[in-house]
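Asker: Given next are the chains, with one letter for each unit.
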Amino acid sequence: MNRRYYFIIIGLLVLLTSAGTILNEFTGFQKPVNFPQPVYDFSKNPVTKDGFELGRKLFYDPRLSRNNTIGCGSCHIQGAAFTHHGHDVSHGIDDRLGSRNSPPIMNLAWANAFFWDGGVFHLDLQPLVPITTFSEMDEKMSVVLEKLRQQPDYPGLFKKAFGSEEITSAKTMKALSQFMLMCISSNSKYDKVMRKEGETFTPEEEEGYQLFKQKCNTCHAEPLFTDYSFRNNGVQPNRNDDRGRFVITLDSNDSYKFKVPTLRNIEVTAPYMHDGRFYGLGQVLDHYRSGVQHTPNLDPLLEQKGGHGIPLTDEEKLKVIAFLKTLTDREFLKNPLLSEQEGLLIYDK
Amino acid sequence: MTKSKYPAWKTGDFSNPANLQPIAAANTGFTVQITAGGLATPLFIVYICFRKNQPEIAPNTVSKNNQAAMKIFFKMTMLSMLTVVVLGSAKKEDHPGIRNELVDLTLEFDNVAGSKDLLLNSGDYTNSSGESLNVSQLQYFVSNIKFTGRNGKLFSVKQDDSYFLIQEHEAGTQTIKLKVPPGEYNKVTFVLGVDSLRNTMPIDKRKGVLDPSSSMDNGMYWSWNSGYIFFKMEGTSDAAPEDPTGNRRFRFHIGGFGGYSAPTINNIKSVTLDLSKQGAVKAKKGRNATIYIKADILKTFNGVTKLSIAAHPSVMFSEYSVNVANNYSKMFYHDRTVN
Chain S
1 MNRRYYFIII
11 GLLVLLTSAG
21 TILNEFTGFQ
31 KPVNFPQPVY
41 DFSKNPVTKD
51 GFELGRKLFY
61 DPRLSRNNTI
71 GCGSCHIQGA
81 AFTHHGHDVS
91 HGIDDRLGSR
101 NSPPIMNLAW
111 ANAFFWDGGV
121 FHLDLQPLVP
131 ITTFSEMDEK
141 MSVVLEKLRQ
151 QPDYPGLFKK
161 AFGSEEITSA
171 KTMKALSQFM
181 LMCISSNSKY
191 DKVMRKEGET
201 FTPEEEEGYQ
211 LFKQKCNTCH
221 AEPLFTDYSF
231 RNNGVQPNRN
241 DDRGRFVITL
251 DSNDSYKFKV
261 PTLRNIEVTA
271 PYMHDGRFYG
281 LGQVLDHYRS
291 GVQHTPNLDP
301 LLEQKGGHGI
311 PLTDEEKLKV
321 IAFLKTLTDR
331 EFLKNPLLSE
341 QEGLLIYDK
Chain B
1 MTKSKYPAWK
11 TGDFSNPANL
21 QPIAAANTGF
31 TVQITAGGLA
41 TPLFIVYICF
51 RKNQPEIAPN
61 TVSKNNQAAM
71 KIFFKMTMLS
81 MLTVVVLGSA
91 KKEDHPGIRN
101 ELVDLTLEFD
111 NVAGSKDLLL
121 NSGDYTNSSG
131 ESLNVSQLQY
141 FVSNIKFTGR
151 NGKLFSVKQD
161 DSYFLIQEHE
171 AGTQTIKLKV
181 PPGEYNKVTF
191 VLGVDSLRNT
201 MPIDKRKGVL
211 DPSSSMDNGM
221 YWSWNSGYIF
231 FKMEGTSDAA
241 PEDPTGNRRF
251 RFHIGGFGGY
261 SAPTINNIKS
271 VTLDLSKQGA
281 VKAKKGRNAT
291 IYIKADILKT
301 FNGVTKLSIA
311 AHPSVMFSEY
321 SVNVANNYSK
331 MFYHDRTVN
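If you're matching them up, the sequences are chains S and B in order. For the first sequence, our numbering assigns the number 1 to the initial residue and increments by one for each residue that follows. For the second sequence, our numbering assigns the number 1 to the initial residue and increments by one for each residue that follows.
This is chain B alone, in the form it adopts within the complex (with noise of 0.2 Å):
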């Protein structure tokens, strides 16, 4: 592979099929099993041969009987992994390529302000509190992407690859490249956030998007309560109190995935959209359909809580914020999609 000036995760692009898992896949990973079950193999053979040439070792602990039984288990083991692998391979050569049938599909995320497209610091918007506000930054975490097809058939875009950061100040992070199986997805599905899994994984887990080098730099997240930020936006408002500079500013840094070690907030937000009324996307090969996704940063002040800039300038890690995270977890609807 060579080496782009961008990361995979900064341009979205996903051309390398190694980034991808075929649709079959898309919830047990069988790759991997295949992988697993050619290295397995060859260890259960050096172990059953070791095992007949030696004498046993424990015979309080395993009774003859158990002995036979777990022969025939790992028999059937070796077996069952041999058949996987034969499978696996014997796939591969019948569909030469499984890699090769997939196609380009492209998710669009546009920030919008109710009927208003969001424009960063000069855009004046009012919420359903009546006040007005400008914003100046907006970022959140889209990962965890999933297609829906009209026969109910998952597709998952594989874990690792599947964490974008969408800033409203660099268009880029915008379009989201991805790779598909063809044929027709009636529902996108998305974590709005991080999942809990990946919040708690080894430093060396952390690429990306997520790698303490970007996260952090862009200050999605909290190093001193170990955790992404899965949403951030800031701006101004006349409705805020004066803080500490002089400025009317309100701030929302949302995050919270349920705890480590005792249980606390969690905000990880799952969403579903339903394809179907605005145009189901067809994935096909030689074309690039785009699903144009909106968010309305509206709906993170009008939502089942009315969010008030003046009662709540600022909502971090607080009780608080579960209500402002399910406001905006309903911000995201289907504009069209282009096939």
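Looking at chain S on its own, in the form it has when it is part of the complex (with noise of 0.2 Å):
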């Protein structure tokens, strides 16, 4: 019995020592135990390590933008989630401005609708966007092509990705899916204490939890924290208008929604809302306890007997807060797979 315990005790040591490495070394897409299946068809589009890597250099490759400038990775920074930590909307090549908030590139293998009005319907075609939006990268495909092709690192890289050395608008953004299909926080607190990996909540985060579930729980739907849904959680329209989803469906249904954004790294992913319009977690708490508007198609959940919103106690509020904080997970904002000197390392030597 004894030498068993010793075995035990020794496996979790070179387990322990080998943590590190395993964040290392490319494993392919491995679904989370505690994930639904991903809607990501990766039968048309396999993720590998050189097709992930190939992703990962265009993903930081400011020639993708006009004046080779900007990347992906310069409004999309891991360290924030890949968002644009501090900027409530984007901000793009020569300091121009979009008019909504940059969202995390992270589990968009769930993801069946891309950008807050959801207008992107599948993933290989959503980089075509910044890539080619005046206030974003401004560049045109054509050009990315011929600049990625007079490069001499890239033609071998796309051979050894795709098969042959033709740099195509498809084998560009697929590469480009490769490594955003990678991007997959699931080692957040929460998830080791639902996998029952020996993490426990403190009593407060498990309080803010149990509230959680009774107020939050049915639009930011555990385990992803977001029902992929098109809602108006009734802030204030800006006064530019941007109604949201009727942007793209025409429906008037559909006016000043937006989709529901996960809460995953919420802690690191400030500012909040499709215009960012706030710094910190309790401004949007308060926001759906006495700050929600009654805007068209607001959603019925927000509607309560004599208000709108959301009953939340200040000290509900904060232990709410304590519970979305275990929903960050640093091994993913750290993880040097996904990162940008990793990428440098490898090819620009």
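To be clear, the hints were calculated from the coordinates, so they are not data collected in a lab. Watch out, some of these pointers could steer you wrong.
Said to hold, decoys possible - Below, computed lysine-lysine pairings styled on BS3-like, alpha-carbon distance capped at 25 Å:
| id | chain 1 | residue 1 | chain 2 | residue 2 |
| --- | --- | --- | --- | --- |
| 1 | S | K44 | B | K177 |
| 2 | S | K160 | B | K205 |
| 3 | B | K205 | S | K49 |
| 4 | S | K147 | B | K205 |
| 5 | B | K207 | S | K147 |
| 6 | S | K160 | B | K207 |
| 7 | S | K44 | B | K205 |
| 8 | S | K44 | B | K158 |
| 9 | S | K140 | B | K205 |
| 10 | S | K159 | B | K205 |
| 11 | B | K177 | B | K294 |
| 12 | B | K177 | B | K284 |
| 13 | B | K205 | B | K146 |
| 14 | S | K140 | B | K207 |
| 15 | B | K269 | B | K187 |
| 16 | S | K159 | B | K207 |
These two chains come separately, so use the hints to put the complex back together.
Answerer: Below, the structure is given as structure tokens:
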């Protein structure tokens, strides 16, 4: 019996010491056990080490922008869960500003629509938007392809990833998808508690979790913390009168609805809402308890007897925030596999 | 195939027979069936042999009767597949040149404004609202081209190679060169725009004018609302209000394939032109019969909806675009045929 315990302890020690290296090794796309089946069709674009690494190089390559100044990684910073930390709306080329907050690149294999209004229905078509949008990278796809062809590294990398040196729109988009699909955040404290990996919530976090399940979970459904629906959460429309989902469907029932964002890593993705109007989680919860405006198509869940919003005491608010912070996934935020440095180390010696 | 400087979508040259389907295949994809049959038959044989050597895997789910029936079904399928393959290959031998029989046929698009030729920037035209205008840009997609023979038989250009972007500023794009089986055709049908299937296809299926590096560069794709712009016309008019640049411009960017996950506007237009009045086309070996089609851009303004630039200087992805699409879908007419 004793010997068995020794083996277990030795085994655990080996695991612990190798944990760092596990992170550095490419293991392909693996569905976290507490996640549902992904919606991305991997049969059409299987994630390979070479495809992923090419995607990562492209993701951080400023050649994707008109004057070679910004890459995808400029507004999608890993440490901020691939958002543009501190920027209310996207800040692109030549200091141009967009009208919406840069969303996280995280767990996209489970997403069926992209952008705040869901205007893009496939991940492989998503990067076309920031690359060509005037206020973001303002480049032409044909020029991007030409720049990549001129770069000595790329033809070989495309060959490794897709079998031929030819550089096409489809391959470029698929490589970027492979990188983005690997941006999986599933190792927060919350995940470890749910998977019973030895961590437990503090009493405050546990109470926050119970409150969350009562008051927030319908839209921010576990385990991805979004139900991928479009809803009007009662924020006062901006002066630009952004009608959100309506812009895509032209259905007046969709006016002022925006995609329910995930809450994973919410601690590091400020500012919040589609236009980045709130800089703190406290402000966000204050909105839900007292700031909800009765605008057209306000979500019925926010309609309460005698008012709007979600009742929440000061004490409850702090508990919910304590719980939300258990969704921070340090391994994801620091995973060297996803970082710019890793890409530079490998190719740009 | 030798690499030409320009891809087929640009030159409109579809001389490569692989790009075309014989007439029998117009709707059924006959060539595809042959290939599928050729592949499937050995697979079925392997499958059946494999099954025979296997013990019953799931006796509870498949009764013996069902198994017998399934065996017969498989054998029959196998037989029919073989027949298709044999017939398919026999047909090729009997008529060694379905492909050789294909002959040249050209569609020529000429954009006009009423009775005048369309001249970019310099032409001066007036719509039925009395607004004078000139046109600085005109582009539209023509796709899914089909011809109807006198006997009612339909010939469809192979789907993958049936997408063309007509641009007023690129004369070469206004000539579409096709190969068709010889014969007399009295109708041509095409889609003005891009069908919904292509609008939702995986990125690797988007080739030629549909490739993002082409369609987007030409400004004929909405990336933010994934879908192609079918028709784009811009120009200036004194009737237009001053825009932020101080110019008086009108801009019509019309698209909308019906929506992917939620239904929305559908501006895909099918156009059929009867060729019999101005001369049916006779496709013959050694001739290059040409169908001249005119597109009167003033119809965009002067249709069921009287489109006023003053009231609608900019029409893009909106409900009103449906009216513009209905108007311009009537802009084509058959001018003449040169056989």
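Asker: State for each hint whether it applies.
Answerer: To see whether the hints hold, each was checked on the structure:
Of the supplied pair hints, the one linking K44 of chain S and K177 of chain B is violated, its CA atoms being roughly 33 Å apart against a limit of 25 Å. Between the alpha carbons of K160 of chain S and K205 of chain B the distance comes to roughly 21 Å, so the proposed pair stays at or under 25 Å and holds. Proposed proximity of K205 of chain B and K49 of chain S is supported: the alpha carbons are some 24 Å apart, at most 25 Å. For the suggested pair K147 of chain S and K205 of chain B, the alpha carbons sit about 23 Å apart, so the restraint of at most 25 Å is met.
Only pairs whose Cα atoms come within 25 Å are accepted, and K207 of chain B paired with K147 of chain S is accepted, the gap being roughly 20 Å. Distance check on the hinted pair: K160 of chain S and K207 of chain B sit about 22 Å apart at the alpha-carbon level, within 25 Å; holds. Distance hint between K44 of chain S and K205 of chain B is fulfilled; the C-alpha atoms sit about 12 Å from each other, no more than 25 Å. The suggested pairing of K44 of chain S with K158 of chain B holds, with an alpha-carbon distance near 23 Å, which does not exceed 25 Å.
For the hint linking K140 of chain S to K205 of chain B, the alpha-carbon distance of about 20 Å falls within 25 Å, and the restraint holds. Proposed proximity of K159 of chain S and K205 of chain B is supported: the alpha carbons are some 20 Å apart, at most 25 Å. Taken as a hint, the K177 of chain B and K294 of chain B pair is honoured in the structure, with Cα atoms around 16 Å apart against an allowance of 25 Å. The straight-line distance between the Cα atoms of K177 of chain B and K284 of chain B is roughly 14 Å, inside the 25 Å bound, and the hint therefore holds.
With a CA separation close to 21 Å, the supplied pair K205 of chain B and K146 of chain B stays within the 25 Å bound. For the given pair, K140 of chain S sits about 17 Å from K207 of chain B by alpha-carbon distance, which is consistent with the 25 Å threshold. Only pairs whose Cα atoms come within 25 Å are accepted, and K269 of chain B paired with K187 of chain B is accepted, the gap being roughly 16 Å. Pair hint K159 of chain S plus K207 of chain B holds up; C-alpha atoms about 20 Å apart against a cutoff of 25 Å.
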